[in-house]
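Chain by chain, the residues run as shown.
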Amino acid sequence: MDNTQTIQPYKETFSIRRFARRNGTQIGIISVFFALWITFIVSAPNTFLSPMIYKAFMSTIPFFAIMAMPLTLAVIAGEIDLSFTSIMAMGMIIFILVYDATSNVWVAFLAALVTGLFAGFLNGILVVKLGIPSLVATIGTQFFWRGAVLVLSQGKSGTLVYTKESLLRPILVGKIGGELPMQMIWLIIITIAAWALLNRHRFGAHIYLIGDNENSANLMGINSGAVRIIVFSLIGVVSAFAGVIASLYVTYFWPSLGDGYLLRTLASVFLGGTSVFGGTGTILGTFIGAFIIGSIEAATVAVGLTGFWTKLIYGFIIVSSVAMHAFLRKRLK
Amino acid sequence: MTNRIEFKNVSKCFGEVEALQGVNFHLGQNEVVGLLGDNGAGKSTLIKILTGYYQPTGGEIYFNGDPVEDLTVPRARELGVETVYQERALAELQTLWRNIFMGRELTTSFGFMNVKKMQAETHSLMTESMGFTSTAVTPNSAIQTFSGGEKQGVAIVRALYFDADIIILDEPTMGLSLKETRKLLNFVRGIKAAGKSAVFIDHNIFNVFSVADRVVVLDRGTVAGEFMTSEISLDDLMDKMYRIAETGSFEGEVDEGFSEGK
Ligand SMILES: Nc1ncnc2c1ncn2[C@@H]1O[C@H](COP(=O)(O)OP(=O)(O)O)[C@@H](O)[C@H]1O
Ligand SMILES: [Mg+2]
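Protein sequence lines correspond, in order, to chains A and B. Residue numbers 1 to 333, in this note's numbering, belong to the letters of the first sequence in order. Residue numbers 1001 to 1262, in this note's numbering, belong to the letters of the second sequence in order.
Be a bit skeptical, because a hint or two may be false.
Said to hold, decoys possible - Calculated lysine to any residue pairs in the SDA-like style (CA-CA distance at most 25 Å, straight line):
id, chain 1, residue 1, chain 2, residue 2
1, A, Lys175, A, Lys311
2, A, Lys311, A, Lys11
3, B, Lys1196, A, Gly221
4, A, Lys129, B, Glu1069
5, A, Lys11, B, Glu1069
To be verified - From the structure, some residues in chain B lie toward chain A, with a derived Cβ separation under 10 Å:
id, residue
6, Gln1021
7, Thr1057
8, Asn1064
9, Val1068
10, Thr1072
11, Leu1106
12, His1203
13, Phe1206
Since the hints were derived computationally from the structure, they do not count as laboratory data. Keep in mind the model is a prediction, meaning the values are calculated, not measured. In this text, a Cβ means the ideal position worked out from N, Cα and C, and glycines have one as well.
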């Protein structure tokens, strides 16, 4: 076939039905978002009509939403990672130890990121080279890194006030114009980067392909092992980054840092429409999913329920969104 | 003239299973070789070694007379091999254009994809080579909505798009209608006419006989024999295939009656 001839650009005629069919899950999650939002406003107008609550969301949601982005890539590739909450803390304890040795927050920051990268890489090796299912491998490393943090910190918390003197803190968790939290900017940057990687880069195309049919991808020359290792490494480095911003925000380190984020991060990904069976999922879905998850805690309290309800609701969201995918898959078969 | 591809004493084991044992095989310049053999004879295994997907357990592989070690799928492609695998190697949930360009996406810079170009190329392939006429199917349609024949068409067109000069077809007529099968056989004749080479695997001995210059018969992991189609009649070839299936040898005595518990 002659590939040199100029090809007519392809322009698809727009059809609403086709658009709806292709973007069904994204339209679904956006509808859920607005439905919930209206419900919140109606049931707790004092809270949800004040800008205060939205400022609060922008400061706290990025801590886990940032990690939900590379986690989305892993789930699309047919994998899972449960160790990232411990990697957050592991990166941070290395930050503290390196700062103690060098008195340089930038070197400490870099060391934290490298630690995260290494921890993620290790997950990738366990899964790809040793063939351990990622669910099991990352439960293992979750305990391992948490244990390492406890040993290294002697279980003690510590202050990070020294970071207030450096530029690192305002860059990571400062407020633009005293209003817009920097972590929200970082979330937007990481979201756009993840989106571009997934949808516009060949690496992202390979993520979808191996999650869809790994055997086909391998037959067509895609090195699925390398793709997986890179995805786990990305989760590692981003988790360490999230650990640093979550700690610098409160200028405080605590050894159980990250513990509360596991459920929220996973729920954001699954609620966002990424299939636990691999091969489908979107960054936009995860982004909206994270904001729904992040607002549920505030909403339950504002509506007058106790905080105990939030875990139940997160759990319900995970089970029902995963069940929905299982149901859709059965119907398609 | 040197052979495009030559296997010397190639073996492949999957644990206990010896899928290929000391196979010698070659594909000449501008030659179409038909591979015949029962299910499990090792045809697909031989193909996957040739495309770099499996590493052989033993033996040597030559491309254009040069030994090639550690053949990989991308390397085999550089050497001009394109393949339609028996299992089709498609990703059902992905769009048509992502399937066509699977593993070798067209990029602009830094690995970023040229999505517009791939969609345009796919669209022209659809209308020119795949014969899709329905407007419901677009380059952005997911493969899972296609019929079996259409999926097979995608796998075939994908292999032809990249302008390779060695084309491997592993049971490509599976799931095709009679008309589509005829079109495919003409494709294979076109490969020959264009001066390229092909390996063609099919369960239907008529199809193989009608396009191949030479037929290689595999039996339980070994080459049982080979014949030039110009030197043997279809009847004789069928008779030999039957003997192989019954006795494991071309010369074996065949019991013409209905035997029990064979
Ligand atoms: N990946 C594999 N793992 C284990 N055994 C395999 C594998 N692929 C093929 N085999 C075995 O090797 C033999 C040859 O298979 P194959 O090459 O697919 O035969 P054919 O294509 O001629 O039907 C069969 O016994 C098959 O079960
Ligand atoms: Mg086969």
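Hint-by-hint comparison with the structure:
1. Among the hinted pairs, Lys175 (chain A) with Lys311 (chain A) is inconsistent with the structure: their alpha-carbon atoms are about 30 Å apart, more than 25 Å.
2. For the hint pairing Lys311 (chain A) with Lys11 (chain A), the CA-to-CA distance comes to about 47 Å; that exceeds 25 Å, so the pair is violated.
3. Simply put, Lys1196 (chain B) and Gly221 (chain A) have alpha-carbon atoms about 22 Å apart, close enough for the 25 Å limit, and the pair holds.
4. At most 25 Å may separate the alpha-carbon atoms for a hinted pair to count; Lys129 (chain A) and Glu1069 (chain B) meet this at roughly 22 Å.
5. At roughly 45 Å between alpha-carbon atoms, Lys11 (chain A) and Glu1069 (chain B) are farther apart than 25 Å, so this suggested pair is violated.
6. Of the supplied interface hints, the one on Gln1021 (chain B) is violated, with its beta-carbon coming no nearer than about 24 Å to a beta-carbon of chain A, more than 10 Å.
7. Look at Thr1057 (chain B): its Cβ only gets to about 19 Å from chain A, farther than 10 Å, so that hint breaks.
8. Using the Cβ-Cβ criterion of 10 Å, the hint placing Asn1064 (chain B) at the interface with chain A is not satisfied: the shortest such distance is roughly 20 Å.
9. A least Cβ separation of about 16 Å between Val1068 (chain B) and chain A goes past the 10 Å threshold, and the interface hint is therefore violated.
10. The restraint placing Thr1072 (chain B) at the interface with chain A holds, with a minimum CB-CB distance near 7 Å, inside the 10 Å limit.
11. Among the interface hints, the one on Leu1106 (chain B) holds; its C-beta lies about 9 Å from the nearest C-beta in chain A, closer than the 10 Å criterion.
12. Using the Cβ-Cβ criterion of 10 Å, the hint placing His1203 (chain B) at the interface with chain A is not satisfied: the shortest such distance is roughly 21 Å.
13. At a threshold of 10 Å, the smallest CB-CB gap from Phe1206 (chain B) to chain A is about 28 Å, leaving the interface hint violated.
Taken one by one, the earlier hints fail for this structure at numbers 1, 2, 5, 6, 7, 8, 9, 12, 13, listed in ascending order.
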